[in-house]
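Required output: the full structure, derived from the provided sequences and hints.
Just so we're aligned: the sequence shown equals residues 1 to 499 in our numbering.
Note that these hints are calculated values from the structure, not bench results.
Note that the coordinates shown come from a computational prediction; the quantities given were computed from them, not determined experimentally.
Mimicking DMTMM-like on lysine to aspartate or glutamate, the simulated pairs with C-alpha atoms at most 25 Å apart in a straight line are:
#, residue 1, residue 2
1, Lys343, Asp204
2, Lys38, Asp110
3, Lys171, Glu117
4, Lys339, Asp424
5, Lys343, Asp281
6, Lys164, Asp243
7, Lys159, Asp35
8, Lys159, Asp30
9, Lys343, Asp74
10, Lys171, Asp243
11, Lys164, Asp110
12, Lys107, Asp30
13, Lys159, Asp108
14, Lys163, Glu112
15, Lys171, Glu146
16, Lys163, Asp243
17, Lys164, Asp108
18, Lys164, Glu146
19, Lys159, Asp110
20, Lys38, Asp162
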Amino acid sequence: MSSLVQSVDWLAIAPPTVAAVVGLAVLVTDLFIGDARKAVLGWMSVAGLAASALLLLPLRNGDRATFCLTGATDTCSYVADRFTLVIQLMVLGGALLVALLSVTALKDADRELPEGEYWFLLLSSAAGAALLPASRDLATLIVALEVASLPAFALVGIKRGDKKSSEAALKFFLSSVTATAVSLMGVSFVYATTGSLYLTRIADRIQHVDGQFHTLAQTGVVLTLVGFAFKTAAVPFHFWVPDTYVGAPLPIAAYLSVVGKAVGFSGLILVTVVAFPSYGDVWGPALAGLAALTMTVGNVGALRQRSTRAYSAVRLLAWSSVGQAGYLLVPIAAAAYSKDAQKAIGSTVAYALMYAAVNLGAFAVAALVGRRSPLNRVSDYRGLYAESPLSALVLGFFLLCLAGLPPGIIGLFAKVTVFSAAVDAGLGWLAVVMAVNVVIALFYYLQWTALLFRAPEGEPGTHRAPVPLTAAIALTAVLGVVLSGAPQLILRFSQTVLF
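What follows is the structure, given as structure tokens:
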């Protein structure tokens with residue numbers, strides 16, 4: 001019987017390992033320093049995430065794998081290929097920007113948030129999120145999904161004495177646990193019909209399942225997708241999103257909107273395109289339907305937000321993220337019908353990279369406005385240009401990127417690649433649904449953008465941005481501008497994604 005080789009390629013697993021080790025170091029350090037020096041923990045975490053991201057550089061020249069079966073070196077549990085590195089870059093880069101937002105948020109909270117626990121949980125979740133795209137067996141995939149998710153539950157409910165935070169964490173936890181349980185049942189069905197948990201072996205064996213087990217295999221395929229669909233906030237697994245984003249600390253809402261989605265979409269890609277390519281007739285229509293439903297419900301939900309409602313800015317971003325998830329699902333669904341599944345998946349990766357940069361930037365500006373207006377209503381952004389011209393211009397640019405309008409060229413190009421993936425796969429009806437939803441989204445994005453440049457009500461205030469928050473806004477703005485000036489960088493890079 002085959003067994004796992006015990007030798008480990010430490011360089012290949014370095015990015016998630018460093019994040020996990022730094023998390024443990026932060027937790028231990030927290031025991032020995034006083035309250036006055038807790039800020040050191042934040043900068044330790046920022047340095048650890050930066051180091052994890054830099055460790056991707058030595059891996060860029062070739063595929064590496066570890067934890068492989070003896071006698072079958074192509075069957076491994078951990079693979080650091082191009083796809084893995086792109087998603088890990090998104091995850092660790094996103095976590096780094098969230099850490100910069102968190103440094104300011106924790107300082108403003110004035111010890112209302114437990115700093116040691118906060119940083120430990122954030123680093124632990126980032127380690128799990130970085131592990132998931134490298135996982136090539138269903139057991140490791142589910143473990144990585146839970147390692148990324150369980151600390152996130154605690155982070156959502158970490159505000160002491162805040163009922164909204166506690167309710168949001170409970171709703172997030174219960175719905176996530178249910179989705180994971182359904183996925184585990186699906187994994188058990190897949191294992192029962194194929195006798196393996198390795199994705200490449202499942203892809204080979206599931207094509208030759210006995211007729212009497214065919215229905216069981218189909219059911220296993222569908223159920224396995226549920227946990228990852230939950231993480232992507234696909235409808236009808238989206239109902240936790242608005243309340244969770246509002247109840248969580250704002251940096252954690254940003255983390256869930258970007259890193260959480262990266263986890264869900266990378267897992268979804270691996271189980272569909274790598275493990276179940278022969279069952280495209282099962283998951284293809286299911287994901288196409290989910291994509292249409294998700295983008296429609298998300299954009300209509302965002303459209304219905306009242307600008308004067310408390311936390312309406314965060315709620316709008318939450319519903320917008322649901323709508324964006326629908327666009328991200330389109331190329332994955334198209335991969336089931338396309339002759340070139342790699343190209344279709346590249347469209348999802350390109351869109352995800354664009355979305356990660358600009359959405360984190362929008363949350364960063366929301367964090368800046370939230371320091372002056374804690375209720376963070378959309379109406380609080382009226383006249384932002386008069387108070388902070390650069391912040392208004394940057395937020396307007398991010399919103400136009402999400403809408404797909406110039407000068408947000410990268411948003412336009414990313415949407416075009418998604419349209420092309422749908423049309424090339426013969427999913428013209430899905431491209432039409434997407435076009436309608438893009439028009440719906442234009443209304444609320446442009447409405448918010450126009451509000452930034454209207455005359456303020458009363459005397460203009462001031463927005464003092466601490467250095468970490470300024471750095472996060474500047475990094476995302478520079479990235480957005482560079483990619484809009486040279487969108488071919490991200491498009492060519494994502495089209496070379498290989499499994």
